[in-house]
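Asks: So the chains spell out like this:
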Amino acid sequence: MDDALLVVLLLADATIRVATPLVLAAFAALYSERAGVVDIGLEGKMLAGAFFAAAVASSTGNPWLGLGAAVAASVALALVHGFACITHKGNQVVSGMAINILVAGLAPTLAYAWFRQGGQTPLLPGEARLPQIHLPGVEALSGIPVLGPVYRELIDDANVLIWLTVLLVVATHWLFTRSRFGLRLRAVGENPAAVDTAGLSVTRLRYQAVIITGVLTGIAGAYLSTAHGAGFVRDMTAGKGYLALAALIFGKWRPWPTLFACLLFAFTDAVQVRLQGVPLPVVGVIPVQFIQMLPYVLTVLLLAGFVGRAVAPRASGVPYVKER
Amino acid sequence: MKVPMPRQPPALETRGVNKWFGANHANRDVSLAVPKGTIHGVIGENGAGKSTIMSIVYGYLPADGGTILVDGRPVAVRSPRDALVAGIGMVHQHFMLVDPFTVLENVLLGAEGGVTLAAGMARARVELTRLARDYGLEVDLDRPVGELPVGAQQRVEILKALYRGADLLILDEPTGVLTPQETDHLFRILRALRGQGKTVVIITHKLREIMELTDNVTVMRRGQVVANVATADTSREELAELMVGRKVLLRVEKAPATPGPAVLEVSGLRVRDGAGVERVKGVGLTVRAGEIVGIAGVSGNGQSELLEALAGMRPLAGGSVRLRGEELTDRPDRFTARGLRALGVGHVPEDRQRVGLVTSFEAQECAILGHQGDPAFNGRLLMDRHALFDRCAAEMDAYDVRPRDPRLPAANFSGGNQQKIVLAREMERNPDLLLVGQPTRGVDIGAIEFIHRRLVALRDQGKAILLVSVELDEIRALSDRILVMFDGRLVGEAAPDEADERRLGLMMAGVAGAA
Chain A
1 MDDALLVVLL
11 LADATIRVAT
21 PLVLAAFAAL
31 YSERAGVVDI
41 GLEGKMLAGA
51 FFAAAVASST
61 GNPWLGLGAA
71 VAASVALALV
81 HGFACITHKG
91 NQVVSGMAIN
101 ILVAGLAPTL
111 AYAWFRQGGQ
121 TPLLPGEARL
131 PQIHLPGVEA
141 LSGIPVLGPV
151 YRELIDDANV
161 LIWLTVLLVV
171 ATHWLFTRSR
181 FGLRLRAVGE
191 NPAAVDTAGL
201 SVTRLRYQAV
211 IITGVLTGIA
221 GAYLSTAHGA
231 GFVRDMTAGK
241 GYLALAALIF
251 GKWRPWPTLF
261 ACLLFAFTDA
271 VQVRLQGVPL
281 PVVGVIPVQF
291 IQMLPYVLTV
301 LLLAGFVGRA
311 VAPRASGVPY
321 VKER
Chain B
1 MKVPMPRQPP
11 ALETRGVNKW
21 FGANHANRDV
31 SLAVPKGTIH
41 GVIGENGAGK
51 STIMSIVYGY
61 LPADGGTILV
71 DGRPVAVRSP
81 RDALVAGIGM
91 VHQHFMLVDP
101 FTVLENVLLG
111 AEGGVTLAAG
121 MARARVELTR
131 LARDYGLEVD
141 LDRPVGELPV
151 GAQQRVEILK
161 ALYRGADLLI
171 LDEPTGVLTP
181 QETDHLFRIL
191 RALRGQGKTV
201 VIITHKLREI
211 MELTDNVTVM
221 RRGQVVANVA
231 TADTSREELA
241 ELMVGRKVLL
251 RVEKAPATPG
261 PAVLEVSGLR
271 VRDGAGVERV
281 KGVGLTVRAG
291 EIVGIAGVSG
301 NGQSELLEAL
311 AGMRPLAGGS
321 VRLRGEELTD
331 RPDRFTARGL
341 RALGVGHVPE
351 DRQRVGLVTS
361 FEAQECAILG
371 HQGDPAFNGR
381 LLMDRHALFD
391 RCAAEMDAYD
401 VRPRDPRLPA
411 ANFSGGNQQK
421 IVLAREMERN
431 PDLLLVGQPT
441 RGVDIGAIEF
451 IHRRLVALRD
461 QGKAILLVSV
471 ELDEIRALSD
481 RILVMFDGRL
491 VGEAAPDEAD
501 ERRLGLMMAG
511 VAGAA
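Sequence lines, in order, name chains A and B. Heads up, the first sequence is in this note's numbering, so the first residue is 1 and it goes up one at a time. Heads up, the second sequence is in this note's numbering, so the first residue is 1 and it goes up one at a time.
To be clear, the hints were calculated from the coordinates, so they are not data collected in a lab. Among the clues, some could well be false.
[To be verified] Partner residues are not named here, just some residues of chain B that face chain A (Cβ under 8 Å, in silico):
id	residue
1	Arg78
2	Pro80
3	Leu84
4	Leu97
5	Pro100
6	Val115
7	Gly300
[As the list claims (entries may be wrong)] Pulled from the structure, derived: some chain B residues nowhere near chain A, Cβ distances all over 10 Å:
id	residue
8	Arg81
9	Ala83
10	Asp99
11	Gly110
12	Glu112
13	Gly120
14	Arg208
15	Glu265
16	Gly446
17	Arg454
Quantities reported herein were computed from a predicted structural model and do not represent experimental measurements. Idealized CB from N, CA, C, for every residue including glycine.
The following block holds chain B by itself, in its conformation from the complex (with noise of 0.2 Å):
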């Protein structure tokens, strides 16, 4: 790793920021510095602050208090006007690209160099074209944005902040839309960007990613810093336990799988997504009794489609689906959501706050949505509130929901307790299939162990669960068996201890098709 020059001041350098988002004090004091010509990550879980210091740093959000530094200069940045003239760029989590507007449109935007564009255009073409050869960003500049695959679209993005003429590059969470392929160029760039002595500070909750790519590492909880360290110097295991305060299991133990008699046995599915394209063409699986079966692929692959369908929220367009051996094609009035509720399938769906929840609503009432209709929570006219309530405060506590408090609206609550809530609901109910969706999208390192056993347990108890994720850790971390989806299409599968990572990269990037 690279010892920074001793007497060259820091790239980058904040001095006891703060931020309050209401009454949440989202930045408490937050002081950290960036060696010049570094790769320096910052990581913390949700919430933890990491992607609010820089979206300050880069003006895009007001500090309440505190210094910034480039270069050893105190700089005010109020505007990302500001930031990009003191030679910041950033890649936002979310691309900040027009989507109809070509490559070149995008990268010349704010940037244009005179009332009109043709004189303009020709430079940043020739400009590109240099960059792109230095750095391996290579991208068609002439195609709409909105066609390109994100891998691509993230190269748009870091283009867009060396055409500004970046020194300093700020990265939110790059990997979380990559495939592995994506994420290993996306780092080849990066290390250039650094060969070429610029700074890179990239954010991210990924250990794995922090031990491979970073020279220095600030670690982010509750708002604050709790740890700068050499990465040479650190450990997963370590960095774990800073983010989280507390040791956290970062593999799931579980035992082999001893798998049943079939639970759900799919063939020749196909489902059509809102606007009549095909986005299932043909899938078949088996899910067994006792057993994990992981579905991974880059996401719009119909992992979404399939997991809908199979939850009876999105009508077949061709196929077999059959439950304990009972065709379920046949009795339309049972394959709906309801009917699937009763014959024992639960449904923990990929978009919690929109499918999963009503975020509105009170987590005792989420928390008995699709069996409103159990007399257990009914009166002769009314709903039994006493009865909700406890229902719902003996399972906060099962599951370890925070803040315990059964009448807080489920938007209250963050990711984790949101997924916790809809888990509880699903899993209590005891089903024999599990149709799960994306568990840990968006939930803390501590939730997601904790998750990750409950889904463990359940497997344990002879429970089928059929697992979609576009996290591949998380895939490999539990699954017993795992499909790889492609194009609507399943091209391949692997156990999870063969299945090496590059070789599921292939297949989910279409490459080694039907291996």
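Okay, chain A solo, but in the shape it has when bound (with noise of 0.2 Å):
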């Protein structure tokens, strides 16, 4: 019974700690496309960040210095991409995909010409990631059946990004559905003309929330390569800024059914890792690449069939322009 116990925290565990990038970013991309911007470079952003993050909290053994170079990176290129698409209306996803391209080459190139280990960081030491938070009492509660492991495998040593995704959902949740914000950011995604003529700057509003995506997918990125890894890889986000997307579109654009569909996809890979090498009861041991395929075809399976109909942000992917 313990050890069904144990087998589930360790998946529910691993479901987390895979999640948090995902939300991330599609917490980021929840911002940039309410206000009406297609967002397709996540990925790019995020491996900007994971790179600068890394090589920064290598160089001065700082991880909150890493954590800030992140950001600062990720919102210079979400600005690129608002100054393409808000201020010269262009076409927002050639823009995202100029990004991702950008980034793909341009971070182990500077990795290489900095570090000279082949387009990597070197390998962080323990002080230069970013900290895990304990928490007091897991001795006390340890005794206790069910609560007790749960305490201590899911909830104690938690990464601090981990809290801070955490506390980022409760906020969007709020921002989105009580704030005069939120209201001016779904109105200038939904009809932006609407937003024009009550005296408000759409310009203004779809910076902002470029920007908010920006810090997110910087952050995303810092957990990438100082929270949950050690270290920056060449191509290290593996399609996690398109997960992402996925799970934004699956969840309809709201913030609690985006949720739900990063921790799905979280939840197949956690199981995927699990499943490796593992012989199945009727089908024997499937080959190890079936497996890693499993959250993939998942996503192309629930894009697919089951999300129903997407509804977008109407007016999401297209530039303002005033009707005369």
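Reassemble the complex: the two chains are provided individually, in unrelated frames, and hints are given to aid placement.
Replies: See below:
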């Protein structure tokens, strides 16, 4: 019985750790897309964040400076995207894709130039990584069945960014439903002309949204290289930006369903890791490549069949041009 | 009518306002004055610059020179925010609403009254209830705007302006999408606003509304103000002449129809739209040679789908369609847009820019769309451009298309001239049956007169015409019989002379269903 509980807890723990960057990236896109700016450049911004976090943390030994550098780099890229799409009304998909391609090449190149380790950053020592938060009372609670192990395995020693992400989800929900900023943000993604004629600046609102996107993707990148991992590796985002976008669509551009979608994707990934090399009833051992396909197959299936009619914000992807 | 106090400055005045769109001089020294506490009409044809000047007043477009005065004081209106501060509100032709938002959220947007919403919402609820009571602006505050009928959406727009403290309300073509009953309701609201000392400016091209509602009227033509008159001192005929610059016949002159044998017989027709929703729910009708049958109805009640299905552009979900007695549903190969054309069916689609034309093509190419295989335009291998050009030039002469340039891209013609290109193409093929959708939507009054005369002339040649239009005046002027469509069904029939507007309006609203 205890073994079963432990397996469940380990799966849940892995799910949370894998889900965190997905949630950060998906919520980043949530802000941008609800404001009417499609962001396919999550991947690139995350990767830039991951690289700069690791590079600065490695050089200074301070993970917080790394986090700051990741956010700064990612916001800079977000502003490029904003400049192309909002100020110059360019094609949002093209701009996002350009950022992805740019960073995919630039990050390993810079890493090579600075560290001479074949496009990676050096392995980060413990103190140069973002800390886990150790909670009191683990010993006291350990005697209690279920609650004790849950507290010990799942909640204690979670990375600081995981807690930040929890906070982000709640704050986003509040912001979208209860605040003036949220109301305006949702409006500008549905009908920017209504925002304009209400005496508000469409450009300003969309830039604000894009900057938030940059901040969150930067944090997601820093999580990958200085919290979850210990250094930057080439292509370390491995499609998580696209997966986050898929989660956002599956979640129909709403905070809670998007969170659920991220957790679902992360869970299949956690299961996938555990199933590798394990003989299954009836089918036996499945080749590891097929197991690794699971999360992606699930993504395709969900997006193709189970989403139903995804209702994107109406002005999403459309630059705002005044009618005359 | 009200005479303004002599010493009181006008609620709104523009002096010498100019606006250019590229090479197009959209506003030329526009000067007009709107006395306080009156309803003021601004009329003109499409492109006369009436919406442009009001968009400038509202700060939505920047002017290229000129002064705007509110209550006698010059104001710099650089954005809608400045206009709102100056007490100017505007209801745009296309509503500026966020469909998934509730009425309350829409009103609050931009006037939230704090970083969080709760307090502002409570305040707005009280204030809006009061406004609704005072002016007859009832709407359900907690319904998403997208679920409301257009009349109610328009009331939301008015509420938005009043909630922001507007003393001057500008409405751009407010009745285009309304039923006659909704229009009456709107006019009552506007009169109530005037009664409370507010000033209303209404932009329209409908002369009847100007005469019924306004105290004064400004007439614009080609970007210029051509007249400022008290409504009581003028007439529809005079205003029409001022708008167009020449005498205009407002009534369509036509002899009684002499219907011949049935050309089109439809029964039990069912059509689904792209999303699979049944939009035509069992329609039966007959159109005879030598008559115009008009289908009236508020936009979105299945008329478009009916017309598209009959034109072979949309598959049937059931029913029978007979052309000159021949059942078409048995011959799916002929019941296509192409097959029907060969059988002598012409189609002037509702959306000329998307369906009727390829706007990036030259006029001469648009003039043969659907007939591009005709040997008359084709040599052995290539198209015969000379034949094309001559054909199009001849049609342009006959239909008074301006500019008369067959090589000009269709996009560069005005709405009325684009429509004439489509009409010429379809009518010059001498069809036995002509399907016409919204023939004069967005068309100037001068061109409307021309198009209407052409349609009547075609009828007099013994052709059958099925007309779909949301313009009730047009339906009544042209039709020999009127059918009213509501929610996918034909709910009533009337002869145009006996069809008083109120009865038609009730049928269109589904009230007097199957009367």
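Asks: Double-check B:Pro80 for me: the hint is only fine if its C-beta lies closer than 8 Å to a C-beta in chain A.
Replies: holds (4 Å)
Asks: Min Cβ distance, B:Val115 to chain A: is it shorter than 8 Å?
Replies: Cβ of B:Val115 sits 5 Å from chain A, so the hint holds.
Asks: The hint names B:Leu97 as touching chain A; please verify it with the least Cβ-Cβ distance against 8 Å.
Replies: holds (6 Å)
Asks: Verify this label for me: B:Arg81 is non-interface relative to chain A, using a Cβ-Cβ cutoff of 10 Å.
Replies: violated (3 Å)
Asks: Given B:Arg78 as an interface hint, is its Cβ closer than 8 Å to any Cβ of chain A?
Replies: Result: violated, 11 Å to nearest chain A Cβ.
Asks: Beyond 10 Å from every chain A Cβ: check whether that's true for B:Glu265.
Replies: Holds: least Cβ distance 38 Å, greater than 10 Å.
Asks: Does B:Glu112 clear chain A by more than 10 Å, comparing its Cβ with all Cβ atoms of that chain?
Replies: violated (4 Å)
Asks: Non-interface claim for B:Gly446: all C-beta distances to chain A beyond 10 Å?
Replies: holds (23 Å)
Asks: Does B:Arg454 sit more than 10 Å from chain A, CB to CB?
Replies: Fine: 31 Å to the nearest Cβ keeps B:Arg454 off the interface.
Asks: Just checking, B:Ala83 versus chain A, shortest CB gap more than 10 Å?
Replies: The claim breaks: B:Ala83 does not keep its Cβ more than 10 Å from every Cβ of chain A (closest is about 8 Å).
Asks: If we take the beta carbon of B:Gly110, is the closest beta carbon in chain A still more than 10 Å away?
Replies: Violated, because the least Cβ-Cβ distance between B:Gly110 and chain A comes to about 3 Å, which does not exceed 10 Å.
Asks: If you take the shortest Cβ to Cβ gap from B:Leu84 to chain A, is it below 8 Å?
Replies: Given a least distance of 5 Å, the restraint on B:Leu84 holds.
Hints 1, 7, 8, 9, 10, 11, 12, 13, counting from the list given before, are not met by this structure.
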